[in-house]
Amino acid sequence: MELLIEGQDVEIDKSILKSIESPLKHIIRNSIDHGIEPEEVRIAKGKSAEGLIKITAFHAGANAVIQIQDDGGGIDLERVRECAISKGLIPKDQVVSKQDLISLILEPGFTTVENVSMVSGRGVGMDVVRKELNMVGGSLEIFTEKDLGTSIIMKLPTTLTIIDTLMVDVSENQLLIPVLDIEYCFKDCNENLFKKDNRYIQFKNSPIPLVSLRERFGYPAGDHNEIMVIVINKFDQRYAIIVDRIIGEHQAVIKPLGELFLNQHFFSGGSVMVDGRLALILDTNFLYNQVIKI
Amino acid sequence: MDIDKKMSYIDLRIGTEQFAISVSKVLEIIRFDQITHVPDSSPFVLGVINFRGSIVPVIDMHHRFNIDCNKGQNKMVVIVDLQNKDKNVLMGLLVDQVTDVLEFEYSSIKSVPDLGIKYNPEFLEGFIEQEGRFIMVLNIDRVLNLQELSDISLIEQD
Chain A
1 MELLIEGQDV EIDKSILKSI ESPLKHIIRN SIDHGIEPEE VRIAKGKSAE
51 GLIKITAFHA GANAVIQIQD DGGGIDLERV RECAISKGLI PKDQVVSKQD
101 LISLILEPGF TTVENVSMVS GRGVGMDVVR KELNMVGGSL EIFTEKDLGT
151 SIIMKLPTTL TIIDTLMVDV SENQLLIPVL DIEYCFKDCN ENLFKKDNRY
201 IQFKNSPIPL VSLRERFGYP AGDHNEIMVI VINKFDQRYA IIVDRIIGEH
251 QAVIKPLGEL FLNQHFFSGG SVMVDGRLAL ILDTNFLYNQ VIKI
Chain B
1001 MDIDKKMSYI DLRIGTEQFA ISVSKVLEII RFDQITHVPD SSPFVLGVIN
1051 FRGSIVPVID MHHRFNIDCN KGQNKMVVIV DLQNKDKNVL MGLLVDQVTD
1101 VLEFEYSSIK SVPDLGIKYN PEFLEGFIEQ EGRFIMVLNI DRVLNLQELS
1151 DISLIEQD
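Chains A and B are the protein sequences, given in the same order.
Per the working numbering, the very first residue in the first sequence carries number 1; after that it's consecutive.
Per the working numbering, the very first residue in the second sequence carries number 1001; after that it's consecutive.
Just so you know, these hints were derived from the structure itself, not from any lab.
Remember, predicted model here, so these are calculated numbers, not experimental data.
Treat the hints with care, since some could be wrong.
No farther apart than 20 Å at their CA atoms in a straight line, the calculated lysine to aspartate or glutamate pairs in the EDC-like style are these [to be verified]:
(1) B:Lys1025 with A:Glu259
(2) A:Lys255 with B:Asp1081
(3) A:Lys255 with B:Asp1040
(4) A:Lys146 with A:Glu40
(5) A:Lys98 with A:Glu82
Partial chain A-side listing against chain B, Cβ under 8 Å, derived [what the hints assert, rightly or not]:
(6) Phe217
(7) Pro220
(8) Ile254
(9) Lys255
(10) Glu259
(11) Leu260
(12) Phe266
(13) Phe267
(14) Ser268
(15) Arg277
(16) Leu280
Even glycine gets a Cβ: it sits at the ideal position worked out from N, Cα and C.
Using the sequences and the hints, build the whole thing.
Right under this line is the structure:
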């Protein structure tokens, strides 16, 4: 098999590089395992005996694009369609466009073992790959042509230093929460949440742990009865945080807090707001680990 | 360093005490305005401010020197640059007043007596006597020891 790599000089943020390592491996492994056909099949199809995988990286606007292309058998979309019908994802005689079928592969429910082996291995954890890319603000596109091969395109932001955040108020302090981590927000009142002994709320029919930022940060209890609950979804694990209110959205240019705060883990950085003041960016990972520990 | 050359020092007040800090370390003196509190940080750290677009921590000198803080007074923040391993490390010192710029020779700084000083002698380079008053000259690198300040175990438990 031949491996061709182009665009090695494309630079991306180290933090992003780390997060695309396993998706990239996964995609390449898929191409080798399931994309490229056995030699005799290739010769019968009139292709060169040796398979080719081409990895190209280039810049497109503010994004870096990584394209992984193989000249294998392509994704068997007929099988994808059959699987989708048997899973009840699409009605039996509905006409489904090619691109829609491909996007089915990226659905979480589509990656059980039986389905995976049927669609020639494609789909194994492709939803995970997509999720990992989404987490750093990237996206995934798949193009496939029967007998010609598959091309997977990863679009990545070149830097993570600008992120969309939700600005919230906790005891007159402005905090920023990355929008990507937020699943849902709703209003509630203190009484409802704290009258019970346990710190859990029901969300989508399952209990999720609850953490009050006021409490966690040692601020006095607020006198407002009305509060906001923000459901954080981190790697499909949910927890809810309580803030006083939501102020609005803020495009944050992340700046490091500096050496003095190396032992402090609640915040991953700060951002200058419109009025020149600083708002701290909540580290939802750390908080999650804290919440789980309780 | 030419110890007989006159050097400039900034004269500042923390509570009723008078301190001096070498201007060579000072970048700017700003009025204390808005500060962002950082939960779970060292008690010496009052919070962070936006100084020319970067995040600068502000150290409460009252806390560092165990001096009562007069509330309600207009406070000042002295932005200092501690060159650490070729890197600029900016920090703000919260003080009550910045009164003057003093000039005196390095050789006129008297060493700290072993007795009768209520502050950590490591924080002081010495003191000078001027018009009958004693002014303590700060060893700012010691006062703002990064490791000590960031030590989270110092956080007071209530």
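Going through the hints against the structure:
Distance hint between Lys1025 (chain B) and Glu259 (chain A) is fulfilled; the C-alpha atoms sit about 19 Å from each other, no more than 20 Å. Using a Cα cut-off of 20 Å, the hinted pair Lys255 (chain A) and Asp1081 (chain B) holds, with the two alpha carbons roughly 18 Å apart. About 19 Å separates the Cα atoms of Lys255 (chain A) and Asp1040 (chain B), which keeps this hinted pair within 20 Å; it holds. Annotation: proposed proximity of Lys146 (chain A) to Glu40 (chain A) holds, straight-line Cα distance about 17 Å (limit 20 Å).
Restraint check: the Cα-Cα separation between Lys98 (chain A) and Glu82 (chain A) comes to about 13 Å, which is no more than 20 Å; the hinted pair holds. Hint status for Phe217 (chain A): holds, given a least beta-carbon distance of 4 Å to chain B, under 8 Å. Annotation: interface hint on Pro220 (chain A) violated; nearest CB of chain B at approximately 12 Å, more than 8 Å. Among the interface hints, the one on Ile254 (chain A) is violated; its C-beta lies about 10 Å from the nearest C-beta in chain B, farther than the 8 Å criterion.
Hint status for Lys255 (chain A): holds, given a least beta-carbon distance of 5 Å to chain B, under 8 Å. Interface restraint check: Glu259 (chain A) against chain B, minimum CB-CB distance 5 Å, threshold 8 Å, status holds. A hinted interface residue such as Leu260 (chain A) counts as satisfied when its beta carbon comes closer than 8 Å to some beta carbon of chain B; here the least separation is about 5 Å, so the hint holds. With a least beta-carbon distance of about 6 Å to chain B, the hint placing Phe266 (chain A) at the interface is held under the 8 Å criterion.
Proximity of Phe267 (chain A) to chain B holds as hinted, the smallest CB-CB distance being about 7 Å (cut-off 8 Å). Against a cut-off of 8 Å between C-beta atoms, the interface hint on Ser268 (chain A) is violated, since the closest Cβ of chain B lies about 12 Å away. With 8 Å as the threshold, the beta carbon of Arg277 (chain A) comes within range of chain B, its nearest partner Cβ sitting at about 5 Å, so the hint holds. A least Cβ separation of about 6 Å between Leu280 (chain A) and chain B falls short of the 8 Å threshold, and the interface hint therefore holds.
In summary, the numbered hints that this structure violates are 7, 8, 14.
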